[in-house]
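Same order as they appear, the protein sequences are chains A and B.
Under full-length UniProt numbering, the first residue of the first sequence is numbered 1, with each subsequent residue one higher.
Under full-length UniProt numbering, the first residue of the second sequence is numbered 1, with each subsequent residue one higher.
Careful, some of the hints might be misleading.
Stated by the list, open to error - Computed list of lysine-lysine pairs in DSS-like fashion (alpha-carbon distance at most 30 angstroms, straight line): (1) B:Lys50 with A:Lys107; (2) A:Lys185 with B:Lys55; (3) A:Lys46 with B:Lys91; (4) A:Lys78 with A:Lys195.
Claimed, not checked - Stretch-level coverage of chain B by chain A, calculated; a stretch enters the list once three of its residues show a Cβ under 8 angstroms from a Cβ in chain A: (5) 62–70; (6) 120–126.
Since the hints were derived computationally from the structure, they do not count as laboratory data.
Quick reminder that beta carbons are idealized off the backbone N, C-alpha and C, glycines included.
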Amino acid sequence: MNLIIFSGPPSSGKTSVILKVIESFQRRKINVGAVKFDCLYTDDDKLYEKAGIPIKKGLSGALCPDHFFASNIEDVVKWGNKKKLDLLITESAGLCNRCSPYLVGVKGVCVIDNLSGINTPKKIGPMLKSADLVAITKGDIVSQAEREVFASRVSAVNPKAVVMHINGLSGQGAYELSTMLYDEKQHLHSVQGMKLRFPMPSAMCSYCLGETRIGQNYQMGNTKKMIWEDGEK
Amino acid sequence: MKRLTIAQILHQYPFTVEFFQQNRLDITGFEQLCFEDYLEQLDERELEEKAIDPKNLPEELNEYIRQMSIFLGLEKNNKVQSLTILPGHDKKAVPENFDELVILPSQIVAIVGPTGSGKSRLLADIEWAAQRDTPTGRSILINNTLPDAKWRYSPNNKLVAQLSQNMNFVIDLSVKEFLRLHAQSRMAENEQKLSAEILAEANKLAGESFSEDTPVTSLSGGQSRALMIADTAILSASPIVLIDEIENAGIDRRKALELLISQDKIVLMATHDPLLALMADRRIVIRNGGIDAVLETTQDEKKLLEKMNRLDCIMQTARRELRAGKTLHPEKIFV
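Next comes chain B alone, as it looks inside the complex (with noise of 0.2 angstroms):
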């Protein structure tokens, strides 16, 4: 590294840009020098005025670079093919009761349980892979053998990304440059079609559709959830998606639980609703901080929730209609 000019570690690891750019290092005409001779020829006063430390930089960018380029690399051939749940103990210690929990790539898990039950702590054992180190005591195990220690530490390589029940867009961009910057982020290489990609599955969750040109602070609930969904379905890095609650208003939600699994995301889904907890073909039940039971959806509860789907369908038609300005026939809606 310290023998690279700056041309040449751009070359070699586009993705330096990003650690250039967000130092505030303006590197434009100094391409020949090497990074260490480039931080030498800066004056004592840009140091002051910028707030930079010359002596730690250089190894700031190795360490980068060491990050990315696992995280890269990652992605390529290292993915995770089954989470185990190992038990723990609930807020009295009571030992949980269930051997063990294995969820596949694809497979849909519900979680029930009052508020304030311990559904976050279940999260934040699977997101911190718990080795028998937190409150619970519960163990996570990824493919089946110990988690390597960067789904903790690295910053890229998060277990679990999460769709919560009050998420915004902050931003003030263009669904087009929104999903252009993540895509950066991610280093992906085919920013345009993922772009497109993830635009055409949003407008398919979505009840209205929407355009790459709107701005995503304009769009409505409905349309901002689809877009998220899509988009933590097919850009985000990590390979386990929490859900709470998605609510019924504006999005086909089975097609948005379709999506992720068809991105061979774990599902954990937390809700009450009867529609979503009876989709997943298990639920857990989180009772005084722990798993007190993993429920298998039973045959005569997958025929119930057939016969919901028809009763949502009926409430779904008549927002239809209400929504394009009709009026509601009986012998319409109960087809």
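Excised from the complex, chain A in its bound form (with noise of 0.2 angstroms):
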């Protein structure tokens, strides 16, 4: 089975881009299937079934998104294989732009939208610097010029990476990011042991323990204060 980690911002048009993604690889018979991460609700697992495919979702809930999904992939991986799938496809917003769910050794493709404006690509983190693939939709409502720019800064941050241009609508260029994703020789079993691309943050202090005071007292473990000027405050 090939498995294949799409991620990006949230509204970004991840699960448009694979559903056209997905009916290109159903016309070369391709089994594909897909897991939805999410955090609090998400109703895309109808919009995977109505595709006619195997999906699974996953709620986060009270956890950090990222975090959950390092805690889970390998079920999903046992999940896939068992479904009998050539392909698995997850996908996961990337919430607060830090983190990244890339596997080393797996294809990870960053969804990323015109419309969030050009320096978006300076404030999403290893999401989108260490995406192997990069596809950008809602071109068709932006400038060529906002595009050229928007795609220029992409490929400062990660010049490695495929830029592509996909609509999620008309499905323009969906077809060639398939070409990109499967590869018929690889065979993934299992993802145990595997590394993450890159590490999530030490995040780990009162609030994450559930305190919900506000005041220096409260305050506990790896904590991080702004910077004042004397007198400022």
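Hints in hand, dock the two standalone chains.
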């Protein structure tokens, strides 16, 4: 089985891109399944169901979604193999733009959209920077100039990635993306022992443990303070 | 590269400023170090704070320099002199009805066919420089040979620039700042001259003129289109421009097309507006996912176009008069 990890900021068009990519796989008779990771709520699983593919969703709820991903990806791969999939796609939103779910040795695709503004490539961390492919969406509603500036900034942050423009509505570019994703020779049975491409932040403070009160007295562990000049506050 | 200091890198490859900025690397004060030593001296905490991976960055900088050098060199020497489309088949595997279609710079080809007939697919084939490896089985030749892989994979070398129907500016900048930003991303040398030229051309296309200090988001529909077209014509690196219907409001469409072809662009235009479709010398008819016919615009059609242009002129004059708050008089409009 092939595994592909899709990631990207909320509402960037991940599901639309993946569904269009899946259409081209289905035409090639490749057996695809998907797992959708989200935080509190998603009904995207219905869209996958409608596309007629096996789908499983995982809500991280009270946990950091990237931690949740890392603790569940192994079972996800087991599920995919049990379903005898040729290709398993996982989709997860990078909610704070800091982390990335990509694994070393597994293809990672970042979906970002032109509407998010030209400073976005700089704001997103490893989720964009360590992706193998970057799919830029919503190009049909911004100017050619903005598309060019956006793409050039993406490639400054991640020069090694293949950058593609995908229209999630018409599907333009999705077939081409699909040809870069599937590798007949890859047979992934397990991800046990594989590594994240980038470590998550070492956060562990009183708020991680359920503290709700504000104030210096209640803060413990790994906390960080803004820098204030003398007399500024 | 390894032995160069950051100052030397910046001097030799000025565009690397962008790399340092976009990667949030503050190199001020460290210009005399080589890049690897600079990364070395960042402490663990800072690396985690900024989510920086020092292992891969030197290699990425090399890759960035390599790509940008190709891009800059390419603009100077490597022009697209012809685009050739070789036939594939439609959705039902019926072979397409033409031998080969060669389009040269400054030529306009119209694309007609109902929604969903396969216009996007045709465009995607060109954009991807298809080699019988897309669902239509078409192939694309550039300068009569197999296209270089850069057209597919390099983010800065896209074959096709697109002007679609519902495009907007989302960026919050003045016209001047916007053009400067675009010019910088293209590493253009004479930003100011180019910006002035684009603004002048855009104003020739737009019904109402605007200045370089106007915020792009407050331009009217016609002004936005005019600016986008002028900018694409003059500043975009892509040799092929695809236009998806230019609306008739607030913009001189004929001049817009003339501007694009004056910049040696290959223009493909999806339209059902006779004034535009007949301006092209050829039109591609798409049906059921395939190219059903390639028609030459006939002499009769060209004559018809003249008549229709006169009608259009009447409509435009009436529109102008109305805008100026005048009362319409038949004898002034039907000249």
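**Hints not upheld, ascending by number** = none
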